[in-house]
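Participant: So you can see what is in the structure, the chains are spelled out below.
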Amino acid sequence: MSTKGKVKGIISNLVIIAVDGPVAQNEICYIETGNTKLMAEVIKIIGDNAYAQVFESTRGLQVGAEAEFMGHMLEVTLGPGLLSRNYDGLQNDLDKMEGVFLKRGEYTFPLDKDKLWDFKPLAKPGDVVAAGSWLGEVDENFQPHKIMVPFTFQGKYTVKSVVAKGQYRILDKVAVITDSEGKDIELNMTQKWPVKKAITCYTEKPRPFRLLETGVRTIDTANPIVEGGTGFIPGPFGTGKTVLQHAISKQADADIVIMAACGERANEVVEIFVEFPELEDPHTGRKLMERTIIIANTSNMPVAAREASVYTAMTIAEYYRSMGLKVLLMADSTSRWAQALREMSNRLEELPGQDAFPMDLPAIIANFYGRAGYVYLNNGSTGSITFIGTVSPAGGNLKEPVTESTKKVARCFFALDQTRADRKRYPAVNPIDSYSKYIEYPEFEEYIAKRISPDWTKEVNEMKTLLQRGKEIQEQINILGDDGVPVEYHVAFWKSEVIDFVILQQDAFDKIDSVCPIERQQFMLNLVMDICRTKFDFSNFNDVMDYFKRLINICKQMNYSEYQSEAFESHLSTLKEMLTSEVVSR
Amino acid sequence: MATKAFQKIYTKVTQITKATCSLKASGVGNEELATVNGKLAQVVKIMGEDVTLQVFEGTEGIPTNAEIVFLGKAPTLKVSNQLAGRFFNAFGNPIDGGPEIEGEEREIGGPSVNPVRRRQPSELIATGIAGIDLNNTLVSGQKIPFFADPDQPFNQVMANVALRAKADKIVLGGMGLTNDDYLYFKNVFNNAGVLDRIVSFVNTTENPPVERLLIPDLALTAAEYFAVDHNEKVLVLLTDMTLYADALSIVSNRMDQIPSKDSMPGSLYSDLAKIYEKAVQFPDGGSITIIAVTTLSGGDITHAIPDNTGYITEGQLFLRRDSDIGKVIVDPFRSLSRLKQLVIGKKTREDHPQVMNAAVRLFADAANAKTKLENGFDLTNYDERTLSFGKDYAENILAIDVNIGTEEMLNVTWGLFANYFKPEEVNIKQTLVDKYWPK
Ligand SMILES: Nc1ncnc2c1ncn2[C@@H]1O[C@H](COP(=O)(O)OP(=O)(O)O)[C@@H](O)[C@H]1O
Ligand SMILES: [Mg+2]
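Heads up: the protein sequence lines correspond to chains A and B, in order.
Using the numbering used here, the first residue of the first sequence is number 1, and each one after it goes up by one.
Using the numbering used here, the first residue of the second sequence is number 1001, and each one after it goes up by one.
Think of the hints as simulated: they come from the structure by calculation, not from any bench.
Since this is a predicted model, take the numbers as computed values, not measurements.
Relax, there's no trap hidden among the hints.
Calculated pairs, DSSO-like style, for lysine-lysine (alpha carbon to alpha carbon, straight line, at most 27 Å):
1. A:549 with B:1370
2. A:96 with B:1274
3. A:4 with B:1024
4. A:44 with B:1024
5. B:1435 with A:511
6. A:556 with B:1435
7. B:1327 with B:1186
8. A:576 with B:1422
9. A:549 with B:1435
10. A:576 with B:1435
11. B:1346 with A:556
12. A:407 with B:1261
13. A:37 with B:1045
14. A:511 with B:1429
15. A:8 with B:1045
Take a look, some chain B residues computed to stay more than 12 Å from chain A by CB distance:
16. 1007
17. 1069
18. 1078
19. 1094
20. 1124
21. 1186
22. 1211
23. 1416
24. 1419
Sample of chain B residues at the chain A side, in silico, Cβ under 7 Å:
25. 1114
26. 1116
27. 1117
28. 1274
29. 1427
30. 1430
Cβ atoms here follow ideal geometry from the backbone N, Cα and C, with glycine treated the same way.
Could you build the full structure based on these sequences and the hints that come with them?
Facilitator: Printed below as a string of structure tokens:
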């Protein structure tokens, strides 16, 4: 018999339920109102009173309404057919919902029960298996989707049978395994998992070291992120967090991309709905939507479901990682998730921490980022979840709890800068404040030396030194005036501007400039560093500016041209001519 | 509101605060409406038998034996074509002396649009104001506020935009509007002969502030009626959202909620998002565009109200006085239309994106040159040229009194480029320079 209860109190979406039996923290219950049932999650228990956050509007709900407890936590359904779908934060398939407006209490099954999948067995009778072991495989949008022993299973099992190669539906029996007591268990292609728990079916989580190519120069060249790495993008509104995340999700060299639109604008999700089915994955040539899953819990959707959305997304990412795939997970914005926690914590009248956020916010954030990573699975394969979250600091001030807590755990920091955005220097990633801790990893250095070139790291560091120098000189010029500093200072400043305009700035809306493969990044960095190493001989600072403006203009034309096309080469030769002019000292 | 037979009447108030009163009652639904001695109130908390009501007009003069009647429903609005041309107060009652509206009664603050049913906004809204059309192009289905200090002419600019926008209906939601501004809107719409396309919900400074909380939901329910039932293009004007947020903080403070930044409720983001996200392009052609006003205090956009707004809306139009030309301009640095990408260079001439960016970059150079000048440094020849450009650009493009077509805006800007710069100084794609640089 499941536990039942009656509503005693209602404060916005927090409902207090008097229960008649045992309930668990985070247990799911359904509350009846009118002729619908509202889903809710227990977040606090005092005596016989369960405090539940309702994932819907509680308008019209009355004291005395019946509640039924489900005996499980908030869980997602995992199986073939997750790809290309648009879910809400609770994994309801948005496309299956009827009508233009969302209806309260409408929950839809996340997968397709009728579709036939081409199944291929991977395990054979007698194999000893455990949670996460691969039993078979289906082709899901050209990805080998592994059918696994459910993650909830504990201990060892023996495979009794696996069905033959053929077509099956997700709920058809595909395998029978036997537990240590000799009991047979039938398995289909789906399983469930509670989202707030990490899936840990792997043997080891080593330090990640393989470059995850994003096609964004200011990331790949200057502050690279790695497969299984973590990063965050803080920035005031309008500085380009979403545009940058979208660019990464379109171009990154990942097998699976999961985007959690967490409490942000619906139109931004619509943009993905419109673009991704059309755009091609630059690495495979297939449509982007084929590798993408969208979790859309926009700002006008219920707040409690917003909190759930990032966990739903992470759990699906962990599921695909367990298949040995390279998963990229993006959440925009993690601040909205933190705010959802704050709203609830305030309603529960918990002791508030800084800015009224819950005291344990840093721990919650750390725990979440900790679920990303590069792993060795039990069978020796590798898989990864790279996680990049945006942070929307109140008032653009980075000294606030969400930014500070995230900074402690994320290894890449892509700081978006209001002044750069104001001056349309996009992406507005501040090249000096931002960092990637992965550059310091010897394993990464070794990897990148092989992948790109042995002196790559040296070049990049040299570039950063020049940027720093350029910034210092600019400050001096601001204080002393143009003629208050030697002409060489102007040259050094303009060299840093070349780096800024040609390497760091990138037009996310230009078809060609937006994607820059690593080979092209290497070519451009070499070119720019050659310019920077050239010695110039100018007689006055006005000439310096004129010369470099022209030079930057040519380089930008190159960025806008197809790599190694006729136009590209022709701009290159114009540039080479400029570099042999009389101002170049020999 | 007449009392009906089945309604329960209570006469014992157990607690009264400035904004709320409590009583013992049963069978009450969350967010249900009630009247307290005739004043409209809404259920905000139920704890067993204890029900707390938020009284919109405030609780002044409410006695412990006040008569409380529950209305058995959340706030509603009657919708029909009769709404057009009418003026209502924050409770949806006519204030223009006209008759009550007949129509279907709908709950206000209704459900959200399923994101997969939305269409991508793609229709440009031309305003003639170059600071908007050229640099911050508006699109149907967008939500965008004016950020301006209280002394800026935001209501005038907004009225101009509304009249030029070619909307089928304009819904005005006035919150804390001064009586003068209310009459201004009424006059402008009347003189333009568009009164029959306007629906207004108005709370003036003379009305209690908490009543304002109902205005956006009323306005948007009316907007949804025209946009969904009649597939019309609806423009919603909300002014001033800062006063709306202030009302939110009054209520939350009186209910002893823990304030977050700037004594605003922790739920400010979600509260504002619920309103602004009603902007939408529907699949059947109807749309709701929201243009709002968020007044600033001393230009401070880091205050919680503009800050949360900026995170929600699709850009902002920042008005400021430019001392060089002595006019109000649409500041190109702090303004942004996030949806402009969807139309510029597609619905407008191909050179639009690059011309727009190049001009703003040069205007930034002009600002730098100005700083140099103010700090007493010599200006370079380039500095001098950017300064002259900046002034012309402010006068001919950014000033809010500009009223020209988009092509002309582009041509004017190319002209300014050619007056002061060499092609390689403007950083525009060569193919475009070849085609549009004035010869
Ligand atoms: N890389 C870029 N190239 C060109 N424009 C950009 C770029 N990044 C941002 N922008 C501009 O900035 C606007 C705001 O970017 P967005 O990512 O939505 O900001 P945020 O998410 O930080 O609020 C965009 O609509 C676009 O006009
Ligand atoms: Mg964003």
